[in-house]
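Could you slot chain Y onto chain D? The hints should help.
2 protein chains.
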Amino acid sequence: MANIAKKVSWSGRGDDRGERTPLMNGAEEVKYNNRQFSGGSIFHIGRLSTVDLEEEITPEEDFVRSRPKEIPHNEKLLSLKYESLDYDNSENQLFLEEERRMSHMGFGCLEIKRWVICGLIGFLTGLIACCIDIVVENLAGFKYFLVKQNIEKFTEVGGLSISLILWAVLNSAFVMVGAIIVAFIEPVAAGSGIPQIKCYLNGVKVPRVVRLKTLVVKVFGVIFSVAGGLAVGKEGPMIHSGAVVAAGVSQGRSTSLKKDFKMFEYFRRDTEKRDFVSAGAAAGVSAAFGAPVGGVLFSLEEGASFWNQMLTWRIFFASMISSFTLNFFLSIYHKKPGELSSPGLINFGRFDSDIVEYNLYEIPLFIIMGALGGLLGALFNVLNYWLTIFRIRYVHRPCLQVMEAMLVAAVTATVSFAMIYFSNDCQPLGPDHNEEYPLQLFCSDGEYNSMATAFFNTPERSVRSLFHNPPGTYNPVTLGVFTLAYFFLAVWTYGLAVSAGVFIPSLLIGAAWGRLFGILLSFIASSQSIWADPGKYALIGAAAQLGGIVRMTLSLTVIMVEATGNVTYGFPIMLVLMTAKIVGDYFAEGLYDVHIKLQSVPFLHWEAPHTSHWLTAREVMSSPVTCFNQVDKVGTIVDVLSDTSTNHNGFPVVVHSTGDEPGKLCGLILRSQLIVLLKHKVFVERASSRLTQRKLQLKDFRDAYPRFPPIQSIHVSQDERECMMDLTEFMNPTPYTVPQETSLPRVFKLFRALGLRHLVVIDGDNMVVGLVSRKDLARYHLGKHGLEELHLAQT
Amino acid sequence: MANIAKKVSWSGRGDDRGERTPLMNGAEEVKYNNRQFSGGSIFHIGRLSTVDLEEEITPEEDFVRSRPKEIPHNEKLLSLKYESLDYDNSENQLFLEEERRMSHMGFGCLEIKRWVICGLIGFLTGLIACCIDIVVENLAGFKYFLVKQNIEKFTEVGGLSISLILWAVLNSAFVMVGAIIVAFIEPVAAGSGIPQIKCYLNGVKVPRVVRLKTLVVKVFGVIFSVAGGLAVGKEGPMIHSGAVVAAGVSQGRSTSLKKDFKMFEYFRRDTEKRDFVSAGAAAGVSAAFGAPVGGVLFSLEEGASFWNQMLTWRIFFASMISSFTLNFFLSIYHKKPGELSSPGLINFGRFDSDIVEYNLYEIPLFIIMGALGGLLGALFNVLNYWLTIFRIRYVHRPCLQVMEAMLVAAVTATVSFAMIYFSNDCQPLGPDHNEEYPLQLFCSDGEYNSMATAFFNTPERSVRSLFHNPPGTYNPVTLGVFTLAYFFLAVWTYGLAVSAGVFIPSLLIGAAWGRLFGILLSFIASSQSIWADPGKYALIGAAAQLGGIVRMTLSLTVIMVEATGNVTYGFPIMLVLMTAKIVGDYFAEGLYDVHIKLQSVPFLHWEAPHTSHWLTAREVMSSPVTCFNQVDKVGTIVDVLSDTSTNHNGFPVVVHSTGDEPGKLCGLILRSQLIVLLKHKVFVERASSRLTQRKLQLKDFRDAYPRFPPIQSIHVSQDERECMMDLTEFMNPTPYTVPQETSLPRVFKLFRALGLRHLVVIDGDNMVVGLVSRKDLARYHLGKHGLEELHLAQT
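These protein sequence lines are chains D and Y, in that order. FYI, the numbering for the first sequence is 27 to 821, going by this note's numbering. FYI, the numbering for the second sequence is 27 to 821, going by this note's numbering.
What the hints contain is simulated information worked out from the structure, not anything from laboratory work. One or more of the hints may lead you astray.
As the list makes no split between identical chains, a pair holds if one copy fits it or if it spans any two.
Claimed, not checked - Derived DSSO-like pairs: lysine-lysine, alpha-carbon spacing no greater than 30 Å straight-line:
#	residue 1	residue 2
1	K810	K139
2	K285	K659
3	K139	K775
4	K775	K725
5	K725	K284
6	K139	K725
7	K810	K721
8	K775	K690
One chain only, chain D, in its complex shape (with noise of 0.2 Å):
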């Protein structure tokens, strides 16, 4: 116990306003203390409760509670609150016996529910893209409407100082109702919800993340921090969005709302559920850029152990629905039904072959885009970093949280109000102008304020214009401050307690920097017309810098080319989008990974690191492990279970335990099937009298599932701790094992590629030694002295 227990380097005290988490899971043994951290306003992964017992204060943890705003919150942790996701199936007597009862014809009729399923699943999040899109739009067009109004009314008569007030208060009114909703009511809603799907999608069971109360503050969050003209797009949480979905869908019920449909209950088990949150992950990218395949590519990259091809076209279906579902109602909402040309919520408009075609002397000038796009995406990384490490320690109250994010509102409405104002770049408003609002202020008549168009629109609209606007459309000393202004916006935003996501800000940052590498060019090489188009920079710029920012690899290749909807950029946008990569990843992670980092979650990479080839399971398992015997005493299994100084989750099974010494391993129970068998009483002594008595059923675990009561709640009279219990029948009879001489990149790859949450490791003699959970694996990484080992802290 002592072994892990020594690494908790600290703790601190935190709001738990969270709701308990009912099972203390996770195999390492570790002792609680009562003061713990809150995670901070940026990445609220859930927040932690433990059990409350006020013990063992050292001086060391009293010396850190005494000075609660500077506590050492860094990146070498591994925090021990995220479970795992029981990926791996159960196999007992009873799944066994339910899988052999099923005919043919039954497993037929499982699979057409899960494509029925997949289908809902995407119908449903591309009805939730539509409503959000439609909403938002309008929302926005009044606001600007109103501005635009006020600035016409007083640009004559002067007290332009009353819209730019105008401006900021509703701004920041937006913004308020979007940040109090995410601050506290459900904090896991904040941020574009992409890392902590990710950490879901990797087999992390992050608390309350697909919940429907997260969905609703997260649509709602969403509409009113576009809205309220953040530098933030709608795109990032529909991917979150789409998860909640699948998650609520798939089960037939809603656990919140007490609403059982009595369908779909076959699929209530982690392995099941995580399935379909990876079709729903891919329905909402697909939503979001109106790229299917991309969002498949999203769900495989972060979520496969293993690619299974019929998942894989259910995970199609899913996205091709919901791209289909949102462009259909979206043609119905622009009154032109029937006409299928906005597949996606952000729309790079069409990119005509004609125009761009690339020759081969720009793939130098793509490749150095590509590292800028790399090093400026590192820097927006490290500053963000900076900024919630700040966030944590000072700004971890709700109040200040929502204080900071209108704060935030009211300077970007500020910046943009003084951009427009003090910039002269005044266009000649041509006939087919593609503007919405075209803002004449100080310009003559027929020409309008180019700096307006970029910031009196939403994103998307900005983005798009940075496209296809004629060259000549902007002046390059507009683009440079818009550029700067907006960076240094963005990189604020992120990690506010505000529903948005970062890929629109960075394709607007990298579109305003592209078109003008695109304008100097063409001044350097004038006689050249094939320079002469901005529009196609300005599209490479966009990829090198959401390259550069979020480092997501082939996915964001399919996604940017299925947005641009043309293939003949592929090869730059690949070619853009890994010379990002290389050149980011060598000043910086990208921005998920910090913020996972940042919240201490043991996220498993794609292989143990090189070098780690002379740790063995031995050393890295976690040992020694409580064993129950076959047939075990009610009161010693209550007594485990209820030991607050040790978590367990998952239990091997022995067959002959005789005094310190563990047995011969012959099974693996975990504390969600003890506590049903805890709740329905199932005790040898009960047998006889239980023939009348119905037999215990997979139905009744998967009733329990996922909330399953905490030991507590479960009475246990002093008479029936002395009945036995008999785990044969429900404990996994063969769990996946390793001798102790196994080195770590081998007990790490059975491990990732199956999913696992517990790994027994065995002696020769098939007895146990010890038990590698996740966190046992995720804290070997490799730093930049070789390998180093991450500190485990209830964070």
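For chain Y alone, kept in the frame of chain D given last:
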């Protein structure tokens, strides 16, 4: 032993021109019969030659032998001639020592080497594609030029039969050369090579499939068969070529050429090689279709047990380089250097978004076309299946195969000629016609024969014409007759002893009936201008037909979209491919799967059959298992290895083996490792004298890889037989194990996810009770009447 031997249902005598497989790998124990059956002409995944011992000729076998031409070949068999790849690293002490010695920098170097290799793979694959393209174009051009001159000469004066003969003879001559090199030199180069690569990526060691000789024969074979006017494409073989290039480059040597560059020695094992081969296959797809992302998906779909991000990136890199190389060299060849407009061998031409938008009400039409494609595809596969059975029985001699190929070539020419001759579909020759060889024939001046454009062209050009020629170019009757004729020609052609792919013929058939469909639609609803463009329907038809025949999934969608160069079509193509797959799967399997089954390859699908939960490891495993002690007598080892009645490849190593009872498992050693140990005489007794000798290193194993010598070639003296061998250092001390109660799906999942070759089955005391290998798992499949078991056979 008997439990497997009885499953050998039949065997026939075949020629064993193929080289001797040195190792009788596979863990099953099988009595070898000296008769075996040549794999047939169609899908020569290497010929087996086992040990020739005349033994136990049962009456039934005698009966079979007496009718060598009517062997009951069917797909309900599983061949024992295929070995598995050792995708699981043998983490023995030597390996671990090497890994531990290696610094962080060392791993970095390895990573860079991997990237360099992938770059080389891409470059060489692109270069090969480029060469094939240029040579085919010139050869075919020359042929058509000759025939056209001849036809024009004889049109006026009569005697067109001479032209026909000239055409037929030219075709046959080309095809003869192509067929001879395939049938006599390297039968494994026949066909498209995609089934073989699928098997290889699945983990089956297909003999001689990634050899240099195969590549050479493949390249020349495809050139001659395409130039010979067969209904074939040059795209499929590119995938095989890419894989061979990858296998060669990554090993840094050629065993055939006896040339060792002493490079990349670290990669000389199956794990690394298979990863590179998947990059090569992706590069091949990329070069063939200009579809880098599609290539990556193809490789991942077929080969990924496990999605590894770095591997995905490298595959992607190889694909990009390959497409770029092809594009670059072709642009130089076409005298437009730097204009990167032909990223693949097949070029669908440019689809402009304006012309080819689709509308909501067209979607049901697309679905109908998808269903039609599925039906026609299933018909194609069923016809080809019967034809293949016929060929296996009657056309298995190389000279017969060559004659058949020549016959097909002559018939193709005759049919083409007849259709051109009898069609009087004259079309005006516009000023901007893009027919390279417009045949006037009996048309009046200024007109040309439109049927001739379909036949008098390489299939790629015909596809492009069908996609892009303006409405009215083709007469519906012409198209109908063409579809019919080409369909049967293509069915007949696939499976000939020539190197050729089925992609282009499928696309051509589909494009023809798709265009016909479009023309008919415009007749029905002549008012709607949107129906006007039959090129759109040609594209959809092509996708439907291809999907119906090959049934690839996500990758095919992406390939089609990338080849089209326009994302607008993404959704309809997905829809059509999905419909085609669902409809087609109802009637018959995909073409590649049909051929894989006919070759009885132990191919592991995605999952174990649904209804196999009632089977456990105990039932599926092979037992008893031949085990070795940690320190065992050389004589015993040599005897076991030489014993032709057992052909184990992996041997569990046990601690105490007293008598018959197997002991406690402590490791696993491979036949190949034992052979290297015997060759180097690593005996305990020689340990003292070894002080001067150098210690056996991993390098010695790598040098012997992949063609380990047969046991017969190793001389062990009588004295040496009494020596002892200590296996501790060389065995894999941590093989994966399962308890004997594990259900088949669970065993399957572990086996498939980690790409295993041997899985040791143990009891509760860690005693070895059996061994599961690929054939034990592949033999269960879901038939029409529930779970079926395939018979194992020496096919």
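Here is what the structure says about each hint:
In this homomeric assembly, K810 and K139 come within 30 Å of each other (Cα to Cα) only across copies, at 22 Å, whereas the closest approach inside a single copy is 49 Å. In this homomeric assembly, K285 and K659 never come within 30 Å of each other (Cα to Cα): the closest approach is 36 Å inside a single copy and 70 Å across copies. When the C-alpha separation of K139 and K775 is checked against a cutoff of 30 Å, the pair qualifies only between copies, where the shortest distance is 23 Å, while the shortest distance within a copy is 32 Å. For the homomeric pair K775 and K725, the shortest alpha-carbon distance between copies (25 Å) is at most 30 Å, but the shortest distance inside one copy (33 Å) is not.
Taking the closest pair of Cα atoms, K725 and K284 come within 30 Å of each other only inside a single copy of the chain (18 Å); across copies the shortest separation is 65 Å, beyond that limit. Taking the shortest Cα distances, K139 and K725 sit within 30 Å of each other inside one copy (18 Å), while across copies they are farther apart (54 Å). In this homomeric assembly, K810 and K721 never come within 30 Å of each other (Cα to Cα): the closest approach is 57 Å inside a single copy and 34 Å across copies. Taking the closest pair of Cα atoms, K775 and K690 come within 30 Å of each other both inside a single copy (25 Å) and across two copies (25 Å).
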